[in-house]
Each structure stands twice: as structure tokens, then as C-alpha cells.
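**Q** For reference, the chains in residue letters:
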Amino acid sequence: MAGMSRRGFLLAAAGAAAASALPIPPPRRRLLQMNGYPIDAETPLELLGETYITPNDLFFVRHHWNPVFPDAATWALKVDGEVERPLALSLGDLKAMPRASATCVLQCAGNGRALHRPIVPGVQWTYGAAGNARWTGVRVRDVLEKAGLKAGAKHLHTFGTDKPPEKVPPFHRSLELDKVREDGIIAFEMNGAPLPLLHGAPARLVVPGWAGDHWMKWLDRISPQPSAQTGFYMDTAYRFPKNPGEPGVTFKPDEMSPVTELFVKSNITEAPPRARVGRKATIRGIAFSGAPDVARVDVSDDGGKTWAAATLGKDHDPFAWRLWSFAYLPKAAGKTTLVARATDSRGSVQPKDAVWNQSGYFYNAWPSVEIEVSA
Amino acid sequence: MRLSRSLAAAFGAVIGGALLLGQAAPEAARETPPPPLGTELGELPAGAMKPLADQACLHCHSADMIRQQRLTEKQWTAEVAKMVGWGAVVPEDQRAALVAYLLEHFGPDNDRFRPVAAQPVGK
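Protein chains in written order, with my numbering: chain L, 1 to 375; chain P, 376 to 498.
Everything labelled a hint here was simulated from the structure, so no lab data went into it. Heads up, some of the hints might be wrong.
[As the list claims (entries may be wrong)] Facing chain P, from chain L, some residues (calculated, C-beta under 7 Å):
id, residue
1, M34
2, D57
3, K163
4, K167
5, V168
6, P170
Backbone N, C-alpha and C fix where the C-beta goes; we use that ideal spot for every residue, glycine too.
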């Protein structure tokens, strides 16, 4: 990297194949590990906004328990339930089908849990349980057509090979068939490389715009069914209040519904700690949403009374994140707090405060950063 | 039963070792390398309840999962009840003492946990 400005390098890297673009040098190539086993580790905030594509080795890892890694040679994706012809598709069978790709954000529903107040139990994710990657595989809809999907199926039940210890409930999930037939992918590649074991090899589900709990890793069975899956990970966990309540007051199950689409959100990933009056100081960040596009990102230096538009990065894809930057011109000396706010293509605006919930899902309050401005 | 712990440690050692071979960059060599992903960051604090907590909790997850929590007595009581329901073996007459131990070390003012920078893995 010597002799090349960071910006120059990023521009050069943007032209290279995503998986081989490695602008982040080894000392900074790290994950923040929350849990030794099962592995839970997030990407440091300052690395999130450096590249449009999150490299595989810096992508957050979230395991519910020590995984059972399938043997790709004998692995098969079983398709049963409301289908004419139950199937067992090998990796070779999948690779022989028409390919589909999506570049989009995968975010853990609990990303930002540590920022909720009052504090809630669970993995204390801050910012980096999210990443943007190019996922390649086959369309769920093509697999279901191959099996002959019957009318009447409304939900896709999904199963992975990871098994919990003893009495712990299994991580069995389902999601609306309409959504997964629209743009769901069974992915066996991540950023042009074979899907890493830690991320669900040989194949995982990709559900653009929806929270990570739907993206079943080590996927080995899909089953269209008339009704939704039941169990702890459907009926108790991964549910979000239908209406905001009083922070700290626990919601009852019928006051909540399953988490699905991500909430509109921006983060500030880079900001200078100090600046001078009359000299531009550039802050950078990321923004994404469960809507296909981010329409704008704005920055305020007066707590949200007035806003100025940030510049959105060139790279964008449906349900991917958008890099952004903002050249702030300090007008007066002293401590200045900048806040950012994203607006998506459906008009949803990132709120000042997140909706508190006892599981700590979907934290998306305005991010802020403090800059010491001197004369 | 420590099978899950040793498996996790072996897994961490394998991927960590592979990384050390592949990433011997001069910049990285100057600083102490962070532990490989999958290394337990710390253990539960000493105390009369430590053996019980180790036995009841660490079969399924590392001590890190507990060390990062900052919970009230009510929340710890609920967590322990949930985990007992999921198979954690805590004798009924020791549940209150276990909750007290967790609250003492990992109550709302707990700010000792720092996620370490772990070597990333790509494969």
C-alpha cells in the first residue's frame, strides 16, 4: 500500500474482483470475538465502512452452538413437504442448475443489542454483526419448481445440520414462501469463493433484506408447508414488538411478531477525533435497510434540528449497503456532536431512538460521533 | 463433560495455525498476535459457586458468554431458569446462590469484558 493514498487504493480495489480486494492490512484484519464457543465474533466498526464488500475473513460469525459441519462429498439438500417429487440434491446437482447471485447485507437480528437501554441479555453485539457480500448459488424458486411445488404451501421450513446439546431446542425456522420464492438463494459461494465452513458450507439460505435468523446455515432440508414452523426459535425468540412500548417493560408473545425485514440504519464508521474551524473534516459510514435501496443519508451537527445530505458511494445493489461520506465544515470551536440518519427507498427514516425490546433486536438509533473543534 | 470445549479449542488451534503460516506479514510480526478465533477469552471468577457454574454452564458455551452480561437479579434469575429448562444441572437448593454469584460478578455495573481482536478466518 506504500505510495498509494487510501482513497486511491480503495478506487483501485473497487475495480478488482471483490474477493481478492484486500485493502485492509494484516494488523487490522481482526474480528472482535464475543464468545469462544460457540463462536460469535463481529467486525470492528472502523472496518465496516472501508470496503463495499466485506471480505470473507472479516465477516461476522454467529453460531448458536458448536456446529456439525456437513461433509460436502456426501451432503445433499433434501426437498420434501408440499411437493410432487421429493428430491435430494447433491452439491453437483445444485451447481448444474442456473446460477443466481445477490450482493446484499446479512445482519444478525441482535446486532446492536449491547446499545439497548435498559440492558438485555444475549450476545452483546455492538455494530459489526453485519456485512455486505456477494452470494452465489441457485434460486430457491428453481429448486422448488424442480420438486413441483404444490398449491397451498405458504411457508418454507428450513433445517440445518447443527444440533443443539440435549434439551436445548433446535434451531428450526420457517419463512413466508412468497418472500423466499421472490429472491431467496441457496448459496454455495461467498464473494466468489466456496462458502466458508463458518458461514454455512456447503450451502446456506440467503434472504435479501431479511434478518440473519432466516439465512439458515449448513442447510440440508427445505420443506414447503401450509403453516409456519413452531418451537422456541419461532414462538419465543426472534420476535419484535408490533408497537413500541415503555423501555424495560417486557412484551408478551402476542404483542410481538417474527423479525423479518431489516430496519433502516446507518453507522458512522470513521470520523476524525479533532478538526479545525473552516477546514473540512470527512466522516464516513454505511447505510442499509430491508427496503431495496437507501435513498439518502443526512448528517446533523445540532442534534437533528437541521440536516445536510451526505454523498452516497457509487456501488449499490438491491438490499446491499451503501457507503457514504460527508465533508463537515466546522463553524465554531468546541465539542461538536455529529449524528447521521438514513432514509430508504420506501421513505422509512432512521429514528433518533431504537425500539427497546427484551431480546435486543434491530437496534437502529442515530449513530453519533464527537469531534473536538479548535480555532 | 468437556467434549464441546476441547473440540472448540482444537478447531481454533487448527484455523489459527493455518493463519499463522499464511499471514506472516512483517507488520503483523511486530505486535503480539491476537488469539485465534474460537479461543476462550477468560474463565469464570473464583468463588464457592465457580465449580457449579462451570459444570452447569460451560457444556454449551464458553465463560465469555456469561462474562459479557450485565444483568439485574431478575434477569439472572430468568436466565438460570431458562438454562435449567434446557438441561443445565443446578440443584434446586443452590439456584439462589448461583444467581447471587452471577449477580455479584456480572451485574449491571459489570464493565470488565472486552472482546479481543481475534485472528480472522477465511475458510
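**Q** Now look at each hint and say whether the structure bears it out.
**A** Here is how each hint holds up against the structure:
At its closest, the beta carbon of L:M34 sits 5 Å from a beta carbon of chain P; the interface hint therefore holds under the 7 Å criterion. At about 4 Å, the closest approach between the beta carbon of L:D57 and any beta carbon in chain P falls short of 7 Å, and the interface hint on this residue holds. Hint status for L:K163 relative to chain P: violated, with the closest Cβ pair at about 12 Å, above 7 Å. Given hint, L:K167 at the interface with chain P, holds; its Cβ is 4 Å from that chain's nearest Cβ, closer than 7 Å.
Using the Cβ-Cβ criterion of 7 Å, the hint placing L:V168 at the interface with chain P is satisfied: the shortest such distance is roughly 5 Å. The interface hint given for L:P170 is broken, as the beta carbon of that residue sits about 11 Å from the closest beta carbon of chain P, more than 7 Å.
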